[in-house]
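Participant: One letter stands for each residue in the lines below.
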Amino acid sequence: MTKTSLHAVLPWLVLALLAALVLLLPLPVAAAAPRARRFRIEASQFAYSPAVLRVNPGDQVTIELAPQDVVHGLSIDSYPVDLQADPGQVASLTFTADRPGVFKLRCSVTCGNMHPFMTGKLQVGPPTLLWRSLGLALVALAAALLPRFK
Amino acid sequence: MKGVAEFDLAMRSADARRGWRARRFDLAALPWLRPFIESRWPLFVTRSLALAGLVFTILAGLLGPRVGSHNFAIILVWIAWWTALKLVFIPLGGRSWCSVCPLPMPGEWLQQGNLLGGLQKPHGLGLRWPKKLRGAWLQSGAFLLIGLFSAVTLTDGRVTAWVLLALILASVGLSLVFERRAFCRYVCPIGGFTGPYARFAPVEVRVKSSSVCAAHSEKTCYQACPWGQYPLAMRDSAQCGLCMECLRACPSDNIALSLRPFGSDLGAAHQPRGLDEAFLALVMLGSALAFSAVFTGPWGWLKSAAYQVGSLPWLGYSAGFLALNLLLLPGLFAAAAWLHRRLSGSPAQLGKIFAQQAQALYPLGLFTWMAFTVSFAFPKFYLVAEMLADPLGLGWELPGLAALDFGWLQQVGPGLQAAILLAGLAISLRLARQLAQASVTNRSPVLAALPVSLFCVVYTGWVLWMLVG
Ligand code: SF4
Ligand SMILES: [Cu+2]
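So the protein lines, in turn, are chains A and B. Going by my numbering, the first sequence opens with residue 501, and the numbers climb by one from there. Going by my numbering, the second sequence opens with residue 5, and the numbers climb by one from there.
So that you can see chain A by itself, here it is in the shape it has in the complex (with noise of 0.2 Å):
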């Protein structure tokens, strides 16, 4: 391989090997040991309070669902929940959050016009995916700024 060739493909070579340890690197946090929580979540058109929801992995998780208003439900995206009740009445359920990452609420009873789109979160451990994907853009600029060779 000539000189010029070789500085030419290092750069690149050194940025796809960022890539991958962005995309791969094992994140460090320290893992904190499970315990109970509960949440008491007031819905109402089209709102949950609290809307966000942050846990460990591992920890045990109880939902109370509170509507105000109207009927509302909550289910959560990849986990088997699926909550419903009426005004002034209380559903809950207790699950384990064992799978991390972030994932959607959504309201499961049509409740009114802006029901598709009740939503909240529950974020089980550190946002990883949000994380990578902005190491993986600061990636992409240094190689989009990289020096041309011709």
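All clues given are correct.
Straight-line C-alpha distance at most 30 Å; calculated DSS-like pairs for lysine-lysine: (1) B:384 x A:604; (2) A:604 x A:621; (3) B:135 x B:223; (4) A:621 x B:384; (5) B:356 x B:135; (6) B:136 x B:356.
If you anchor each label on the Cβ, the simulated ranges turn out as follows: (7) A:521 x B:56: 47 to 57 Å; (8) A:550 x B:137: 44 to 54 Å; (9) B:319 x A:626: 34 to 44 Å; (10) A:515 x B:336: 23 to 33 Å; (11) A:562 x B:410: 19 to 29 Å.
The set of hints was computed from the structure by calculation and includes no laboratory data. Every value quoted in this text rests on a predicted model; they were computed, and no experiment measured them. No residue lacks a Cβ here, since even glycine has one placed at the ideal position from N, Cα and C.
Dock chain B with the ligands against chain A, hints included.
Facilitator: Positioned in the frame of chain A, the structure of chain B with the ligands alone reads:
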């Protein structure tokens, strides 16, 4: 094997005919495809079916249940059609939707006085579109209006139906007063959305040899084009509706319908563009942010504010939406353009640089809308299946449809959204770099590319945080 040989041959002959435009593959040169492109029937039949579907959709929107997730019009328009538009029609076919769009059909029939004859002796006043209203300003405005009323439009079947009706009426009115497809070119918000992004798509209609055109004084293709395009002078595909009237009108078989590399109409060779198009590109970025926040974010107050049209919270939402689109994004991008000017040492005026550099926003914008679509529509696909299983709401269960399981879509969703966004960012960054390279003379293109690149990275980070964070 035969297919490959055929491809090869068409590729080579196309290249030989137009050495100045390599990497094109002329679909109209394929003997088995040619009749379908030349005949008006395939598009006519498709559009007529689409028109029937449109009429049915409007009726269903007006008469069906008020609640969006049970209304045929809502599910067909905002989940099925809108998804297909952003994930298939535009990225693969540019303005291909416009070639089958039923909205301007009634107006066009009245204007042309016939159903299948093309543009011969136009009826109506046939005025030229006013100079002042040219460009993408009206479409930007239409797009902003849609953003202000998005929550109601997307969830109320009646509003959707009225919007569709209004679009038809406007197109009929305009086609009787003005020549050709004035509505589609200057007013239609769907066109405002598809047009700019069509520059990225891998399809184009162009002349094969410019010398053949130069020798042809009648310019029958220009006479025939409903969009008012002259194929020889077309610098990009933003205003080409792929209706193929030029191909039918050309006596010398000098029009090609070509596959081409993605992003062919973008880059340093395609300057300059106007401020109107730059502004539209920014409005589409801003709207994608706003739609993501309202429809897929966890902020309930924002949803209510966007939904309660006329209320105080809605006024607040509107103010925020307009500030984002009219002040924040244009301001940030103007700052990037100003920095670019400083760093590149370019003598051009700031406005010109603003317009040129805005080209880099198209791939990012298109891919952001695609990622938003995955987040917005994929979790609702079961509604489409339910609707297809029981289209008239009679309690049917057509076999195989209602039971489809879409759970896996939720699991691939976030990763897919991130991947799409990053792909768009990568393409935009490459473009920004290319544009910088072209505008510097003796300075570093790396520094000159930095401002617009950073703008793109920050925007991408913002959308990532909203969609997958
Ligand atoms: S511009 Fe609008 S109305 Fe015209 S064909 Fe395209 S989508 Fe249809
Ligand atoms: Cu609800």
